[in-house]
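Here are the chains, one letter per residue:
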Amino acid sequence: MYRSPPGARGFLIAIGLLGGALTVAALAGLLLFWALQAAFPRPVEEGYPGYLILIFGTLVLIPILVVLGRRVPYLTDWYYLLPAITFLLAFTVFPIILTIYYAFTDYTGIRNGKPDRSTETAIVRVEGRELFVEGNAHDLLRCDQPDCAGQALEITTRTQRARVRVEQASGNTITLTAPPPFAPTLVYKINEFRFIGFRNFVEIFSRAGTVLIPVLLWNIIFAAGAVVVGAIPGLILGLMLNNKNLALRGFYRTALIISWAIPVVISVQIFTAMLNVQFGPINRLLGLLGAYPIPWLTDPEWFKVSALLISLWLGFPYWMTATLGALSTIPEDVYEAAKIDGANGFQTLTGITLPLLRQPFIPLLLGSFAFNFNNFGLIYLMGPQPGVEGRPSTAQAGDILITWAYKTAFQADGGQAYGLGGAISILIFFLTVAISLINFRFTGALREVR
Amino acid sequence: MAAILRHLGWALFGLLVAWVLFVYFPGLLARIQPNTPPGFVRIENGWVYALGGLLVVVGLIVLYAWLATLLANRRTQRKRSFWPLVGQGLTHLFMFLVLVFAYYPVLQILAASFDPRNTLYRILPPASDNLLVRARVIPDFSQLSWENYAKLFDGFILYPYQAVLLVAAALCLLLVLVLAGYRRLIGDVDSDSGLGMLQGRSLTAFALLSFTLVIFLSPAQFTGQGTEAKFVLWVRNTLFVSGITGILAVLLTATAGYAFARFNFPGRYPMLLVFIFIQMFPGFLGLVATYILISNLGLLNTFTGLVLAYSGGIISFGTWVYKGFLESISKSLEEAALIDGASKWQVFTKILMPLSAPMFVFIFLLQFVGTYSEFIVANLFLTGVDSWTVGMGLRNFTTGQFSTRWGLFAAASVLGSLPILLTFYGFQRYFVSGYTAGSVKE
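Protein sequences appear in the order of chains A and B.
Numbering of the first sequence is given in UniProt numbering, commencing with residue 1 and proceeding in unit increments.
Numbering of the second sequence is given in UniProt numbering, commencing with residue 1 and proceeding in unit increments.
So that you can see chain B by itself, here it is in the shape it has in the complex (with noise of 0.2 Å):
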């Protein structure tokens, strides 16, 4: 019985299949209009070409394998395979065209923030030698300049003190990075050692100045003309607002998941399921009635009514997370603690704060990074260009009065995503692991 009802499954996969590549996809095909656009450069049998390059380069590099082989077997005296050389190198090519694909739109973004020109729907070709260039492949880098990022700060205005406060916060960043590359080199994974605590202390003091930063940016200090001036002020609004709700996330998970993970109370079953079911409302479809809600209590169009919207948004999540965390911590510590006469609450604070570190700060880079790109529900709540967020201001430049400001989009896309980028592959552990240890249960 299993084995027919396998063969059907197969059977109908191999129809799907058929019926995408015979069917669907000609289909496809005919919905193109033949017909090329002014300035649209077109090749007849291009990809001929391409591929007959493409097999020279497999040719290249099966030839320098069978030749790096024959001599090295030569000077060993040993008889070698060149075969695994020639994986290799196609292994090499194959993650080089996968990288091209990964970082060709970061490409595109990039030469456009450094184009003044706003390239994108123009249609005369730029004037280069190079086909690609010439048929916009490859991003025409004649006319460099830095207008789009100078718009952005037009007007920008930094007191002393924030100055002080920015190259303070700049130097512990270069010092975490220093650091994280010196213990690298030499080896150095205990976090307990010294350098790895400078390296926290340095990564809290960065984080503790620019917060301070963050909140002493005021909208007075943006004098400059057109809505593109206050950028920066877009910025620390999305960072002061992710700021916040990544630490009330941390907050209002972390009592609970002790609660479910270790105390065995009457409802934590109906509980837990309860926290599960939630969370698959599709949350932002009662945007509505917490729009009702927050204009009730008089906080729209301030940001704690924003942060208070987005922040039953991760609880169950973050709950869920820390109590499958705290699980996999043997209790014996803490059984010992209890009959030494500690309370609940000590427990909880002496001995697994200290320890769910990791995890909370997880949970924080979850909310902080969620809401650092989120529009819609901060498009409802905030009013005024003053307090709108990165993403909205990004949304702007695309769509409505400025669609056509591709450059200003470029250079705030990139500025946009420094923080996000730089949280991402900082704490890359963190995201790793917390995504495999905690919600899967392997």
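The following block holds chain A by itself, in its conformation from the complex (with noise of 0.2 Å):
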């Protein structure tokens, strides 16, 4: 059997191989794709698919990872690991090292770093440094500059593509700051975004006492009323059934689990349409009982009411099966001499049952408080939502803090502002950490695992 060098050294050398070889596959697959373009040029629009890249890295890696294998064998150890590791880091951990550099620049719709191919321009002649096109350079690529000093520029032909800087532009004539690798047709200009430091986190700390205070405060709510909502009626319809001797027990505790089994992207556009003003059939309801039509989605109070009214649907079928298991592990013979000492059913309650419910139930209360923080789905399919005077479209009175960000990366009327969105989301990680520890002290979950 093989050892691995103990403690820290081990662990380092271990990351540092497995490091290498990634990089080294990485490498060497990038290089072989652009050898393969090089060698067998393609026209610019259908070019070489990039996923060629991965089956190269792919192929370059198994021979270094079985040569590895041979000379450090404690390394096997890790190649358990690889494949997870491997898919986090390509799409986990990547994505969330780009998102905290966006949450940094300007990045929107607009400035996404992409070519405007409504600015593309022919090329007539290139001399040295120089581009000569038809026409007024300026106007023609739309700079933002008035001599397009330091504009990036794409240049490209049938088959090649680069990018470029300009040095100043003057009538048709673009001075580059370096002559262009080959020689180009077409020029584009490209929307750059650029890198502002901290100005995002300004944006939303300078007006926090409107958006991000409300926001939070009300996402905190919501996800603690979710939690109280959804558990405490899932606990008493857990008491109820767990009595053995009433009839149909197993029938109902199959039939309400109903809600957690229809998937939410379905049960939360039927609620909408069922909370309806004028037409949903609760007010429906409730005007038979007297009451007159509640602007369940249309009023900013009402649509947290309703928000937390569709979690408790949505929620207790989950609690009410956690506390029937949890329920299930209590034995016997603890009721057997609660009897006997003469308890009546509300003593053994809140003496036995609720008192041992306790100890299953922190770790679930946490977790679901947790899910319930960032409840994207619910929120977001609830629809447009009713306005707050002085808040901005994206975060509008049942926001959470995650739709809030949403809106503002992907929607049009928050400007696609990723930069902005990628700051929201860097505060949504800290809070989530923040609860995941206080979960993780309470459960112990860390211990158990040293």
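Derived from the structure by calculation, the hints contain no laboratory data.
Hints are all accurate, no fakes.
Cβ-to-Cβ under 10 Å is the rule here; a few derived chain A residues that face chain B:
(1) 51
(2) 52
(3) 80
(4) 91
(5) 92
(6) 97
(7) 259
(8) 383
(9) 436
Calculated pairs, DSS-like style, for lysine-lysine (alpha carbon to alpha carbon, straight line, at most 25 Å):
(10) 350/B x 331/B
(11) 339/A x 79/B
(12) 344/B x 331/B
(13) 244/A x 79/B
(14) 339/A x 244/A
Rough simulated footprint, nothing fancy, chain B against chain A, three-plus residues with beta-carbon under 8 Å:
(15) 11-25
(16) 245-251
(17) 263-270
(18) 279-285
(19) 297-304
(20) 397-409
We put the CB at the ideal spot given by N, CA and C, even for glycine.
Dock the two chains into a complex; use the hints.
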């Protein structure tokens, strides 16, 4: 058998070797891809697909891993983690790092670092560093600066493309900072995004009083409220269904899980239709009981009540099942002893059942709080929200942090301000970590791992 | 000190409740406009009648319990109290009300799916003698038709070999259901018994047959006009993506969970922490970054790209759950095998993998169900009606240009939630045990 070098040294060696292998494979994949492009050029519009890099990289990685495994046997333990780590790196860590980077830029739907196809301009002639176009270069390319100084451009031929920078442009002449690597035929302006430091965060915190604090407050109330309105009815139902003498017990238990089983994307949309102020069946029912139509989804405060009402419907089966599961672990003889001692039903409930349920319930409650804290699907699917004066259209009455971030980043009325959305995401991340740390402290999950 | 804190806590709680009851709640009620829109049936003090009706039912239950106990006592010459029977009756009444609450949306959506008139946003009340129907509390079942469903299948051509596959899959599913029912009747709980094995085999056959069918369905088979005629294609796309994502989730988490549970390499603890904390970043806010990555890989608008984008989602949680599961299994068998000269890989594939089937099923199902109802990522990555998923299609019935197609939405919802409903009820045991055994250590 093999033995790893102990402690931090072994860890660092393993990480270094694996990281090195992955880097080498990625670079080799990229180089092979470029070699393929250079050897057999294809038109720019239908170039080689980028996933070839992944395939080449994998082909290089496997022999490297085999050789490494022979030379450093203890590394093979890490190979079991490698698939998970690679996917995490590529599709979770990399996007996270990129998002953090964007949070410090003014990346938006317009400033997305891509060439602007509407500025396509034909190049008539190339002389050293100078490109000649027909007409005024500044007007054709719609530069930000009057003389286009520092503007980034993309130049292409039929099979090649490159990015270059303008030193200055006047009339029909564009002078680049360096001669182009090939003789281009077309030129585009690139909508660059810039590094703006903490300005996104300053923007969030400067309007904290009208946006951040109310949204955060409602976010916490919603998460806590959703747990409470789900857990208490679920607990009561679980306690009732735990009665072994109750007929149809299994039927109730199975039938009531329905709202857990229906996909949220469907059930929430049904609810928004049912809560319609004028036509919704819920208002019709309340009307028969003497109520005037309730503005469930059109009034800012009632919207919040609706969100909690839907949480109740969605959440109680989970808590009912959890209660029944926890109750099944309580041994029968405890109750028998209580009966002999002359305890009545209520005393048994408050003296035995509820205290015994506390231990398994704490982690579930905290987990449910963390889930509801970022319950995007529910709030987003409830549709357009009633407006609140003085708040942007991305953070209205019922919006929680995560829907605010999403709408800021992706919806047109938020200007697709991805930088700003990224900044909000980082705030959400820190809040989620804080909640989870409290969770771990209570449940002792981390201690157990050690 | 602790006592003071506790009292303070209760006092704060009391204040909060008082504020909600006496300040917030009246404020909420004041926001209701006292006017009735056309067609809205309002009964002044209707709640008094409702409460009266409920009290009558309670009274009947008490009366029944009293009479039943009286007769039973007379026959058996015993003196039993009738309160337990009242309790049972009231419990059933309560459960009935809860069932109504839980199934009311289901009833509404079922009714709307069979109603060709798209009645949700109609002002005219249905002509009926029943007050509840006229007020539209109970849906109007006077005009039932399959029209909405027919529109979803409009122009759908099923090739003969696919029909054969479909029938075979349906037969397998039927066999599974019949076997499950029969085994429950005879009380056979052992999954290694002959019938249990047969049930497992036919379930596998069903999964394989339906997956083959899903793979071989092609957009060319959908010739109907309008977006809704592509519904079956959306279901097929969704099942395909969810299935592949689920399998990928199992593959990625299985070996990692094994390593974390059984190996003691340096760096195990920090790696576990990394796995946990990565999970806390709001995943789909990295969407633009993921989008750029997938677009650079040339996988935009392909299912491969979507599966890759989904793949990061469950790795941490799945690894954590599977690790917890393996730690609950005794090591003795593996140690014996290791002494006999088996490699770690052999131990994993020969001993642990067969034991872990329930956990794999749980991880697969969790990812499958999660992906099935996802629509945000899909919306960003897939363009063109042919590659939509169910979630995207449903969202399109209720927003944008289809805002009034409530009947179609209802029919599509009913059909679209069937696979998940079946999965959930069929594998309920796995969901419950997986949630309680893996994620939460008690």
